[in-house]
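So the sequence lines, in the order shown, correspond to chains H and U.
Position one of the first sequence corresponds to residue 3 (our numbering), numbered consecutively onward.
Position one of the second sequence corresponds to residue 132 (our numbering), numbered consecutively onward.
Heads up, some of the hints might be wrong.
Restraint ranges, calculated between C-beta atoms of paired labels, are given here [as the list claims (entries may be wrong)]:
hint: 1; chain 1: H; residue 1: Val40; chain 2: U; residue 2: Leu170; range: 47 to 57 Å
hint: 2; chain 1: U; residue 1: Leu272; chain 2: H; residue 2: Gly32; range: 17 to 27 Å
hint: 3; chain 1: U; residue 1: Pro147; chain 2: H; residue 2: Gly21; range: 25 to 35 Å
hint: 4; chain 1: H; residue 1: Leu44; chain 2: U; residue 2: His249; range: 12 to 22 Å
hint: 5; chain 1: U; residue 1: His249; chain 2: H; residue 2: Ile24; range: 53 to 63 Å
hint: 6; chain 1: H; residue 1: Ser4; chain 2: U; residue 2: Glu472; range: 14 to 24 Å
hint: 7; chain 1: U; residue 1: Arg411; chain 2: H; residue 2: Val29; range: 17 to 27 Å
hint: 8; chain 1: U; residue 1: Ala467; chain 2: H; residue 2: Val40; range: 23 to 33 Å
Hints were generated in silico from the structure; no laboratory data involved.
Yeah, the Cβ is synthetic: ideal placement off N, Cα and C, and Gly gets one too.
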Amino acid sequence: MSGRRTLLLVVALALLCAGAIIGMLLVDGGALDRLLFVVAALPLAYGFWRWRAERRTPQ
Amino acid sequence: MNVPAARGGEATRALPSRWFRFNLWLHRWASLVATLPFLVLCLTGTVLIFHEEIDAALGVVPSAQRSDAPHRPIAEGVANVLAAHPGERALSIGIDPENHPGVLLVVTAAAGETTFDHAKLRFAELATAQPIGESDPDKTLTGFLLELHSQWFLGPVGEVIGALIALLVLLSLLSGLVVYAPYVKRIAFGVLRRGKDARLLQLDLHNFIGAIVLGWALVVTVTGFLLGFSTIALMVWQATALGEIRTQAAGMTAVDPLHPPADVDRAIASALANAGPDRRITSVIFPGTNFSTPRHYTVLLSGKSGIEQRLFTASIVDAESGALVAHDEPPAYLKAIILSEPLHFGDYGGLPLKLLWTACTWLTLFITANGAWLWWNRRRRRMPKAVTTNGAPA
């Protein structure tokens, strides 16, 4: 992935996460609330997945 | 976030632009100035995420034995609490059926008090109107930590200091993103250069973790900044919206705040009669306080679900006649501050959101400390080696 695309990905993930955190406050429970939680946790989950993948790759 | 290109001893590239260098400087110094207070905020914030659970475990708010039973009049509960504490007056009452079902909160102070500065929290059971306990918010663990976290034990001035720290962190995040841009062009996202220089590994961790907590950190920082102005915003609201009614009330006869002619139940009935069907009472502030007038009650109502649960509307009720005088929504700036609180503490989405908040707080705690280490390590490397008096390296 090019540097520009990675930067866009980081910014997009950050904005999605922030939007989902705010969205969770606006909606009142239910499936949408759970979906928004998943989106809010996405950067952390993606980071964890990248970290595991990177650990398996020989240096 | 830091970038290798800006550091001596690494690959030579085109000179960084003035914009980049400015952001690197801003990122470095905004972060360093905020490091120590931010570490305190992260540690206290981690505990405060679980304030509901901690307060419940420590029994800060007593629980009612009969939470579903029909309620006695609220005025009776207030009278019983005051009878148990002679020389005190009621400043306000509060009801929270979701978190503390069946419990009436009575905020009291010495009879002559008009402010909430020395308030005490007393509790009564709604079903029996009998006192069931009391609490001093300053003496609870979460109350102590909240005062440290939000005010640095300095009152409203401390809140503004907190806002300043939040501003520094926000500047650090935004400048960090600019500094991150050239870094990510050369080091793929998630790559940690292990087994080489310890500094490179810490730099990669700093940038990687910074990138994944960025969205959360932006929300918490912006809301922390807004919360720093909560006391000021309340004072402005008092002076504007309440000030108008106070001016009108100045020409009226003040009521006895200890025994208003129209009791608190009448004020509640009057406010509810004029509110929508989905509104409920959150709090009633008695006449003769800095959030009411010498003649009027201020009744705060909120919705029953969703965002409406967080936002209140204020009804001003004449304590002489029990008639509704005014009904008002808080201004936009106050709404923004009210909504900032749950967004800052992450206590609105149950345990999963609290755990996400904790993980992000700890990761942020790590990159704050590791960022300071990166600065110190770079500084140490750049310093010329000490030389002994005979000219040999020490």
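Taking the hints in turn, this is what the structure says about them:
no.	hint	verdict
1	Val40/H x Leu170/U: 47 to 57 Å	violated, 30 Å
2	Leu272/U x Gly32/H: 17 to 27 Å	violated, 34 Å
3	Pro147/U x Gly21/H: 25 to 35 Å	holds, 32 Å
4	Leu44/H x His249/U: 12 to 22 Å	violated, 47 Å
5	His249/U x Ile24/H: 53 to 63 Å	violated, 36 Å
6	Ser4/H x Glu472/U: 14 to 24 Å	violated, 40 Å
7	Arg411/U x Val29/H: 17 to 27 Å	holds, 20 Å
8	Ala467/U x Val40/H: 23 to 33 Å	holds, 27 Å
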